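Sequences listed follow chains R and F, in order. In case it helps, this note's numbering puts the first sequence at residues 202 to 512. In case it helps, this note's numbering puts the second sequence at residues 184 to 442.
The hints are simulated quantities; they were obtained by calculation from the structure and are not laboratory data. Take these hints with a grain of salt, some might be off.
[What the hints assert, rightly or not] Which chain F residues stay away from chain R? Per the calculated CB distances, all over 10 Å, these: (1) M184; (2) D202; (3) K237; (4) K293; (5) L294; (6) V295; (7) N300; (8) N302; (9) L337; (10) E341; (11) R375; (12) V377; (13) I382; (14) A385; (15) P389; (16) L391.
[Unchecked claim] Derived lysine to aspartate or glutamate pairs resembling EDC-like cross-links, with alpha carbons at most 16 Å apart: (17) K327/R <-> D405/F; (18) K212/R <-> E351/F; (19) K237/F <-> E225/F; (20) K372/R <-> E353/F.
This structure is a prediction, so every number in the text was calculated from the model and none was measured. Note that beta-carbon positions come from the ideal geometry of N, C-alpha and C, so glycine has one too.
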Amino acid sequence: MKTVVFSNEYKYMKDAIGLASSISNEIIGISYFETKEKPEGLDKLYLAEKRLNNDSWVSIVYKICEVEKPNYIVTTYYKDNADIIAQVCGKLQIPMFTNVINLREDSNKFVVTRPILGGRALFNIKVDKTLCLAFAVQHNRFNFEGLSKVPKIIEIKEEVETRIQLKQRKKKPKSKIKIEDAEMVVGVGRGFKNKDDLKLAFELAELLNAQVGCSRPVSADYGWLPNDAWLGVSSKSIRPKLYIAIGISGAPQHIAGIQESGLIVAINKDKNAPIFKYADYGVVADLYQFLPVLIKELKNMINSSRMYRGN
Amino acid sequence: MNIAVFVKASLNLSMIYIDSDEKINISRTPIVISEYDKNAIEEGVRLKEKYGGKLVVFSALTWGPIDKKSQDFERMLRECLAMGADEAHALIDENLINISSYESSIALAKLVNKVGNFNLFITGEGSMDTSSYQFASRLASHLNLPVITFVRHLEIEEGKIIAERDLEDEIQVVECNMPCIVSVTGEINFPRTVSVKQILQAKSKPILRYNIEEQIPRIEVDFEIKQISIKRKNVIFEGSIEEVARMLVGALIKEGILK
Ligand SMILES: Cc1cc2nc3c(=O)[nH]c(=O)nc-3n(C[C@H](O)[C@H](O)[C@H](O)COP(=O)(O)OP(=O)(O)OC[C@H]3O[C@@H](n4cnc5c(N)ncnc54)[C@H](O)[C@@H]3O)c2cc1C
Ligand SMILES: Nc1ncnc2c1ncn2[C@@H]1O[C@H](COP(=O)(O)O)[C@@H](O)[C@H]1O
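Okay, chain R solo, but in the shape it has when bound (with noise of 0.2 Å):
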C-alpha cells in the first residue's frame, strides 16, 4: 500500500506519517521546508524550494497523485492543509475524513473516527479499505516516532500560475504560556461586559496558580485574549485539573474543548445555562458580585495557612 502523506509547513507532517505508517509500507511526502529539520519516516519527499500558496499546492499535490497513484492520501488538519488536500481530493473524486481521532481495521473496512455535533459525539464510520481514501489526522493524535528511513528528495522547481495573491501576513500575538500544559485554567466568556473586568478572572487565576482560557467571542469577536487562549472545538482542547468557567453559556463547541478538565466548575447568573450540566459544582449567582467575594475568600485562606506554617 502506498500513501501520499501532504503538510504545508513540515513540522505538522509527523501526525500524518504516523498514521500513514500504520495503514501502508511506502510513504511519499509532499512539504516545504526551510530550515534543517531532517526529513525521516519517508520513502521519498518531493520538496518545493519556498513557501507555496493554496492554490499553487493544489495544481502540484494533484500531479505528484496522478503520477504515484496513491492508495490513500493523509494530511494533518491545520486549516490551510485540509483546504489544500479538500481541493485535491475535489479533483481526484474521493472522500476526505476530517480531524480523523482513531482508526482501525475491521477485515477489508476501516473504522474512521471523529467528533461531530461541536465535538460532543463520536462519528464511527465504516467504510471499504480498498477504496482510494483520504484523512486528515487531528494533531497529538497519531505520533511516528522514528521510523528511520531517510527519503530520496525531489525537488519541486515548477512555477505554478496561482488565481491567489498573497499581499500580506500578520502573525497573531501570543501568550507565554501554553494553555494546554496549564494544571488549572480560569475560562472567561461573555458575562463580562468588557475587557477591563477581565482582571477579576486574572486575579482568580494569580491565587489558584492558574492560567485563564475563553470562550470563542471572547478572543474571535472581541479579541480580549489572544487566540492560543481560545478553548473549544475550533481551537484548543485542554485536560487540566480544575477549569473554572465564568459567564461562559456551556455551548457544545466550548464544552469539546473542556470536557476532559479533571474538575469543572461553573459560575454563571442564570441557573437554567448549559454549562452546570457538565459541571461538578456550579454557582448561580452574578460574577461582578461573586468574583469579589470569592477572591477574598481564598486571601483569607491562604493567609490562614501561612500562619498556620509560620510563615
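Given the coordinates of chain R, assemble chain F with the ligands onto it according to the supplied hints.
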C-alpha cells in the same frame, strides 16, 4: 452582481435526541440552519444591498427521513429568504440522505450550473454538525474556480475580492479575481434576526425543489454516532454569596485541588 450562498440544514445541537444506548437518533433530531451559514447569508445580503444583483440560496437536504425533516427544511429556506435572499434552490432526494460534503458538493455544483451564472459563491467555514471543513474547497474543484477559506473580512474592489483569512497562527490578506468562492467565519458579521412575521412575508419568494437527475458518485459507509458522556457531580451550591464562596473553597480543598 449575482451571489450564490450555500446553506446546510444541520442537526440541531441543542435538541439532539439520544437513545438509551447513548446513540444519537437522527430520525428524531430536528434540523436548523448551520450556525455560520447565517453569516454567509448575512454577508451575501450586505453585498447585495451595496452592489445590487441577485442573491440565491442553495441547499441539499442530507438528513432523513425526508418526510420527518421537510418541515424544518422548508422553515430554514424561508428564514434565508426572510433575511434577504431572492430565491432558494433545494435538492431533496432519497439518494442524498446521509451523504457528506464529498457528494453534496458534486450534486450542488451540477445544480448551480443549471441555475445560472454567479460572480461570488459564499459558504460557512464549517457545518456545525459534521464539520468536515471541505465543502467550499471541493466546490472550487468542481466549478474550476479559486477559493478563499476562513474569511473574516471581505471587500470588493474593481471586480476583485480582497479578503482577510483567519488562520491558526496568522491573518493573511489575499486578493483574487471574481468569480470565486469564499468560506466565511462566524466573526465576519452579526447576522440579522428575522421575526416569524417576516418569515411568513417571505412566502411570496420562490423555493424551487429538485431531485437529482443523474447519479453522483457515492461511497457506501455504515456509521453510528455516539454521545461522549462524562459523568459529573452536578452539585449546585445554595445560600448567600459568602456561604457559597466558602462552600466552593471547601469543596476544592476536599477534592485536593487547593492545599
Ligand atoms: C462551528 C462552530 C465552532 C465553534 N467553536 C467554538 C469554540 O471553539 N469555542 C467556543 O467557546 N465557542 C465556539 N463556538 C461558539 C459557541 O457556539 C458559542 O457561541 C460560544 O461558546 C458562546 O460563548 P460564551 O459562552 O462566552 O457566550 P454566551 O453564550 O453569550 O454566554 C454568556 C453567559 O454568561 C452568562 N452571564 C452573563 N452575564 C453574567 C454575569 N454578570 N455573571 C455571571 N454570568 C453571566 C449568561 O447567563 C450566559 O450563560 C463555535 C460555534 C460554531 C458554530
Ligand atoms: N448539504 C449542503 N447544502 C448546502 N450547503 C452545504 C451543504 N453541506 C455543506 N454546505 C456548505 O458548506 C459549508 C461547510 O460544510 P462542511 O464541509 O460540512 O464543514 C457549510 O457551512 C455550508 O455553507
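We went through each hint and held it up to the structure:
The claim that M184/F is not at the interface with chain R holds, since no C-beta of that chain comes within 10 Å of its own (minimum 19 Å). The claim that D202/F is not at the interface with chain R holds, since no C-beta of that chain comes within 10 Å of its own (minimum 12 Å). For K237/F, the requirement that its beta carbon stay farther than 10 Å from each beta carbon of chain R is met, with the minimum near 24 Å. In this structure K293/F is separated from chain R by more than 10 Å, as the shortest Cβ-Cβ distance comes to about 13 Å.
Remark: the non-interface label on L294/F is consistent with the geometry, its nearest Cβ contact in chain R lying 16 Å away (cut-off 10 Å). Non-interface status of V295/F relative to chain R is upheld: no Cβ of that chain comes within 10 Å, the nearest being about 14 Å off. The beta carbon of N300/F is kept farther than 10 Å from every beta carbon of chain R, the shortest such distance being approximately 18 Å. The Cβ of N302/F lies farther than 10 Å from every Cβ of chain R, with a closest approach of about 15 Å, so its non-interface assignment holds.
Distance check on L337/F: its Cβ is at least 14 Å (rounded) from any Cβ of chain R, clearing the 10 Å threshold; non-interface status holds. Against chain R, the non-interface label of E341/F holds: every CB pair exceeds 10 Å, the least being about 14 Å. No beta-carbon of chain R is positioned within 10 Å of the beta-carbon of R375/F; the least distance is around 17 Å. Against the 10 Å criterion, V377/F stays outside the reach of chain R, whose nearest CB is about 21 Å from its own CB.
Annotated as non-interface, I382/F keeps its C-beta farther than 10 Å from every C-beta of chain R; the closest such distance is 24 Å. Distance check on A385/F: its Cβ is at least 28 Å (rounded) from any Cβ of chain R, clearing the 10 Å threshold; non-interface status holds. Distance check for P389/F against chain R: the nearest CB is about 30 Å away, which clears 10 Å, and the non-interface claim stands. Consistency note on L391/F: stated as away from chain R, and its beta-carbon is indeed over 10 Å from all of that chain's, at 25 Å minimum.
Restraint check: the Cα-Cα separation between K327/R and D405/F comes to about 5 Å, which is no more than 16 Å; the hinted pair holds. At most 16 Å may separate the alpha-carbon atoms for a hinted pair to count; K212/R and E351/F meet this at roughly 14 Å. Of the supplied pair hints, the one linking K237/F and E225/F holds, its CA atoms being roughly 14 Å apart against a limit of 16 Å. With a CA separation close to 4 Å, the supplied pair K372/R and E353/F stays within the 16 Å bound.
Violated hints: none; the structure is consistent with every hint.
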